[in-house]
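Chains as they are written, first to last, in my numbering: chain C, 1 to 500; chain B, 1 to 119; chain W, 1 to 133.
In short, the hints are calculated from the structure, not lab data.
A portion of the hints provided could be inaccurate.
Listed next, the in silico EDC-like pairs over lysine to aspartate or glutamate satisfying Cα-Cα at most 16 Å (straight line) [claimed, not checked]:
1) W:LYS2 - W:ASP65
2) C:LYS160 - B:ASP106
3) C:LYS160 - B:ASP108
4) W:LYS2 - W:GLU56
5) C:LYS160 - B:GLU114
6) C:LYS152 - B:ASP59
If you want the footprint, here are the derived chain C segments under chain W, 3+ residues with CB under 8 Å [unchecked claim]:
7) 15-26
8) 234-246
We put the CB at the ideal spot given by N, CA and C, even for glycine.
Residue-level listing of the chains:
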Amino acid sequence: MSWLLALPILFPFCTAALSLLTRNSRWSARISVAGSVISLILACLLVGTVMREGVIATQMSTWAAPFGITLVADYLGAAMVLITAIIGLATAIWALAEIDDDTARMGWHGVYQTLLGGVTGAFLTGDIFNLYVWFEVLLISSFGLLIMGGRKEAIDGAVKYVTLNLISTVLFLCAAGLLYGATGTLNMADLRQAVADHPDQGLMTAIAMMFMIGFGLKAGVFPLFFWLPASYHTPHYAVSAVFAGLLTKVGVYALIRVFTLIFVGDQGFTHQILLWVALATMLTGVLGAAAQSDFRKILSFHIISQIGYMILGLALMTPLAVMGAIFYLIHHIIVKSNLFLIAGVSRRLTGSSDLYAIGGLYRAAPLLSVLFMIPAFSLAGFPPLSGFWAKYVLVQASLELEAALVAGIALLVGLLTIYSMTKIWAEAFWKGHPQGIEPALATISPRIRWLMLSPVIALAVMTVIIGLYPAPFLDYATTAAQQLLEPTDYVQTVLREAVK
Amino acid sequence: METVLALLSGFLVAAAVWLMLSGNLLRFLFGLLLLSNAVNIAIFSAGRLTPGTPPFLGDKGALPDAVMANSLPQALLLTAIVIGFGLFAFSLALTIRAYRSFHHLDVDQMRLAEPKEDA
Amino acid sequence: MKSLILLTGARFLVPLFLVFSLYVLLRGHNAPGGGFIGGLIAACGFTLYAFAAGVEAARKALRIDPRTIGILGLICALIGAFASAFTGQEPFAGVWGEVWGYAVSSVLVFDIGVYLAVFGGMLTLIFALEETA
Chain C
1 MSWLLALPIL FPFCTAALSL LTRNSRWSAR ISVAGSVISL ILACLLVGTV
51 MREGVIATQM STWAAPFGIT LVADYLGAAM VLITAIIGLA TAIWALAEID
101 DDTARMGWHG VYQTLLGGVT GAFLTGDIFN LYVWFEVLLI SSFGLLIMGG
151 RKEAIDGAVK YVTLNLISTV LFLCAAGLLY GATGTLNMAD LRQAVADHPD
201 QGLMTAIAMM FMIGFGLKAG VFPLFFWLPA SYHTPHYAVS AVFAGLLTKV
251 GVYALIRVFT LIFVGDQGFT HQILLWVALA TMLTGVLGAA AQSDFRKILS
301 FHIISQIGYM ILGLALMTPL AVMGAIFYLI HHIIVKSNLF LIAGVSRRLT
351 GSSDLYAIGG LYRAAPLLSV LFMIPAFSLA GFPPLSGFWA KYVLVQASLE
401 LEAALVAGIA LLVGLLTIYS MTKIWAEAFW KGHPQGIEPA LATISPRIRW
451 LMLSPVIALA VMTVIIGLYP APFLDYATTA AQQLLEPTDY VQTVLREAVK
Chain B
1 METVLALLSG FLVAAAVWLM LSGNLLRFLF GLLLLSNAVN IAIFSAGRLT
51 PGTPPFLGDK GALPDAVMAN SLPQALLLTA IVIGFGLFAF SLALTIRAYR
101 SFHHLDVDQM RLAEPKEDA
Chain W
1 MKSLILLTGA RFLVPLFLVF SLYVLLRGHN APGGGFIGGL IAACGFTLYA
51 FAAGVEAARK ALRIDPRTIG ILGLICALIG AFASAFTGQE PFAGVWGEVW
101 GYAVSSVLVF DIGVYLAVFG GMLTLIFALE ETA
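Bound conformation, chain C alone (with noise of 0.2 Å):
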């Protein structure tokens, strides 16, 4: 039980040591994608015990809850495990076509692994410092990514993204750090009690605040989200699609966890902020993406829109609510990295992003064109697609509150969504090429065509499934709601693992 739990941090560490000490490019690269996969079957595994068995808990090195640090899994950490798992591995094999031979000799791969054994830790620790810890290593990693490949965009791109995201980490240990002070204590479930029973609850949510900036600054909510469109679309394709996909969701992760389980004294204030929040970034982001031209700057720019569907979910605190706030986190995760990729293989035919510059996607490239369109539309909420029911949900959970005002905007935001995918769609896929170039599929080879393809047609089926069946999907979401709601089950997991 303990090593399922840690084998899925653990073992993208090894696959990283591997694969860099591997001088050979091509090795390194099969290593990562080799890793993935047993990342993979990991990941099965994890889920389907927690599925039979519920929340799962172990302590690292026998030290007992609430003193060392706890791995624990309930059904919202572990279909993120998952969801890390099967983006790592999508991304693992594009990244094939895309890195080329002097950024993987760089130790690309390992560096990418590292990113991802990261970002599962940060997925699974029950212990807030630990948190932090695992939030520093996806975060060095991530700036590795970011300036591999070295173009200048890359290091301007970078210095923003290191920035702002150096000082949400301050804050965030500046926060765990009160938080010790006040209560003595740093494991989470341990803090639900400690933090309900603290005499003085002003102290609390001011400490909660800091939380919410600090991992508000990490998800690229309104309005700290000026770091995300100036570096997302400057990297390798590879990265941003991942970094698209994962990281802005363990912000949104991080503020899911800490405000469903320890800071819920105070909600009139706290979640009223939050709803604000919300509704601000996702109109702010639609607005930005659609006053932009190059294709991954209109995606970056959803990304930021979506996030606050997540938020608003989160803000409501209703089981509905809270459900779909997680269905539309899974489903936004493979739909938008998944976009990232294919405006990558766009990249690679017409040779730019800049919309005005390409065309004639669709008559050189229809299965691509037919790719585009499953993500897109599933972004904008097309019925049977698996935004579909992710907005239906969260409309329907604040029509239940009679919040009309929230349903209002979640829909217009919504139908301004369609409007970009249509701006992308009409520019890069539908009208010719401005040059009358017509971009040849010919030119790539039948392998890299393949390498791109099966992570994007994979992701895309997966996008389809979840849309043409999607109870099993609302299901494991509602259960996943109830556990956050109602965190008696992961409290008392955590902490009779002390016992024993």
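Following the hints, put chains B and W in place on chain C, whose structure we already have.
Then chains B and W, alone, in the frame of chain C:
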């Protein structure tokens, strides 16, 4: 003693903010360094200052005779310092890269990845 | 920067740094010290030598590429983490054994891994910065 440390921490934050707002990347980094040290001091004093002996075990794991200081905030600090050191080293390397690419460190002028401004 | 005094001094100091770093590494189990600080001290020694005699000479004196040392450290630390799997204990639990009358544990293996990782990582960074300066 807590008051002194709180004041020191506040002073460091003030200096850090001043440095970070200056618009020069290197100054920003030094500001960040000060800020993380301010936070370290805050954590240290949040873990209660005691006149106890350092939290080290004696021979065969024997506890010290006198009151022992709380070791956890010190362990947290050590981790935070180590991580902060690593991140600072990285950002310094990034700053050098940025200086070599742009020949200046003025963050207002770093607009390569931004949309073109209309002339 | 070529200075005869620094070069002569460095020749004496580098072995001292290395021996001291090993001392700090080994006493770290129950006393102040450990792999991280030990690795830093050892890296300081080689950095001093790189300042005095040049990065090229320091690389030659090191013989192995610092990046390889760092990765070997990572592997060493992972071995330390996985050791308890073979005795059926929790991850990262210390496994103890006896070698020639000395108590040896997986914790030490982990610490040596940290030592090598920090040593290799720091030198990779410093050499890269020095070479491109």
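Going through the hints against the structure:
no.	hint	result
1	W:LYS2 - W:ASP65	violated, 24 Å
2	C:LYS160 - B:ASP106	holds, 12 Å
3	C:LYS160 - B:ASP108	holds, 11 Å
4	W:LYS2 - W:GLU56	holds, 13 Å
5	C:LYS160 - B:GLU114	holds, 11 Å
6	C:LYS152 - B:ASP59	violated, 57 Å
7	15-26	holds (count 4)
8	234-246	violated (count 0)
Comparing the model with each numbered hint stated earlier shows that hints 1, 6, 8 do not hold.
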